[in-house]
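Colleague: Now for the letters of each chain:
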Amino acid sequence: MTSHATILHTVERLLVEIAGEELLVAGPITMATSFNADLQLESIEFVALAEQLQVCYGASVDFVGWISGKELDDLIALTVGELVEFIASRLPAGSPACIS
Amino acid sequence: MHILAAGGVTLHVQELGHGPPVVMVHGLIGSIASWYFTAGPALARGGRRVRMFDLRGHGRSQRALTGYDLRTLAADLAAVVADLGEPFDLVGYSWGALVALRFALAHPARVRRLAIVEAPLPPSNAHELAAWLAPDALSTAVHTLPHALRDAVTVRGRQAERMTAALTFLIRDSSLVADLCSEPDLEDRELAGLTCPTVLLYGERSACAPAGRRLARTVPGARLVLLRGGHFVHLDARTEMTRAIAEHLDG
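Chains as they are written, first to last, in the numbering used here: chain C, 1 to 100; chain H, 1 to 251.
Any given hint could turn out to be false.
[Said to hold, decoys possible] Partial selection, computed: residues in chain H whose CB lies under 7 angstroms from chain C:
#, residue
1, S31
2, A33
3, Y36
4, G157
5, R158
6, Q159
7, R162
8, A165
9, V177
10, A178
FYI, nobody ran anything at the bench for these hints, they're computed from the structure.
These figures come from a predicted structure and were not determined experimentally.
In this text, a Cβ means the ideal position worked out from N, Cα and C, and glycines have one as well.
Bound-form chain C, shown alone (with noise of 0.2 angstroms):
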């Protein structure tokens, strides 16, 4: 099974690829990280990780689903933790981690 430290790489380097090497200045991305209060990701880059997370882990992981049905503060509030913990749950068991 993909363990949580190989899908918070993921995710790291999905956020860089889209957001660039500044997203790094304060520090890694941790399971702490907030994508609003640390990243300061916009929503416009959050649409760009949603399609990144499809292309890496296929329609299991319904990202967009479960963003849309979170309230706007529980969005804002929304750790990197949170998302790694979510692809890990729906992840089929013996999955690849993802290298694309």
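Chain C is already provided as a structure; the job is to place chain H on it using the hints.
Modeller: Okay, now just chain H, sitting in the frame of chain C:
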């Protein structure tokens, strides 16, 4: 993905789901995210192919210097839907709703059902315009943003810098404000010729609500639904708005 519109402008397009197509147009200063994180996923879950795109100058579409008038933007929309063979449903918010109206008037056979959310009339009455015409437009422009976004701009940081850069381009460098000011009103006799079933969704506290009442009088068979909230009804009443759009598209 990106598609090429007239004049060589590239537009950023995203799709969710499978089924009969519905195309969604966001408002000024918004982006694809306005629909992507509100009604878009719910409509996709209901068995629709939801196509969303960034208007020129917005989101990840090209920062075009000109062409923010409704006819040019409706031509951009025509490029976005060029490959859809069958009639599609069309949903627009604010300035995007006027783009949808313009498109439906120009291409009546292509639009199956139409949902208009918070369209301002006359177009030059757009919620944002007064603030953008002020001498210190960039600072007053902040007050035209929803509260959640306002914080991002007033608190210094990456989001503030990027939002300010986007606003600066649209308000100061592009023809957007001039295009808004010179946009002619839609005439009642034009609106009376709209043939597709239409729902009008407005916030009960919105300054645009009179436009909703006018459209309800002039567009044949149009139904006006007032939702709780103001102009940012897609944020104020996300669930109710999504349900109202889905009900209308289901017929």
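Colleague: Hints first: check each against the structure and report whether it holds.
Modeller: Results of checking the hints against the structure:
Taking 7 angstroms as the C-beta cut-off, the interface hint given for S31/H holds, the closest approach to chain C being about 5 angstroms. Because the beta carbon of A33/H sits about 4 angstroms from the nearest beta carbon in chain C, less than 7 angstroms, this interface hint is met. Evaluation of the Y36/H hint against chain C yields a held restraint, the C-beta minimum of about 5 angstroms falling below 7 angstroms. Interface hint at G157/H: satisfied, since its Cβ lies 5 angstroms from the closest Cβ of chain C, which is below the 7 angstroms cut-off.
Here the hint on R158/H is kept, as its CB sits about 4 angstroms from the closest CB of chain C, short of 7 angstroms. With a cut of 7 angstroms, the hint placing Q159/H at the interface with chain C holds, because the nearest CB-to-CB distance is about 4 angstroms. Interface restraint check: R162/H against chain C, minimum CB-CB distance 6 angstroms, threshold 7 angstroms, status holds. The interface hint given for A165/H is broken, as the beta carbon of that residue sits about 11 angstroms from the closest beta carbon of chain C, more than 7 angstroms.
Below 7 angstroms, beta-carbon pairs count as interface contacts, and V177/H has none with chain C, the closest being about 22 angstroms; its hint is therefore violated. This hint is violated: A178/H has a C-beta 25 angstroms from the nearest C-beta of chain C, more than the 7 angstroms allowed.
Of the numbered hints stated above, those contradicted by the structure are hints 8, 9, 10, listed in ascending order.
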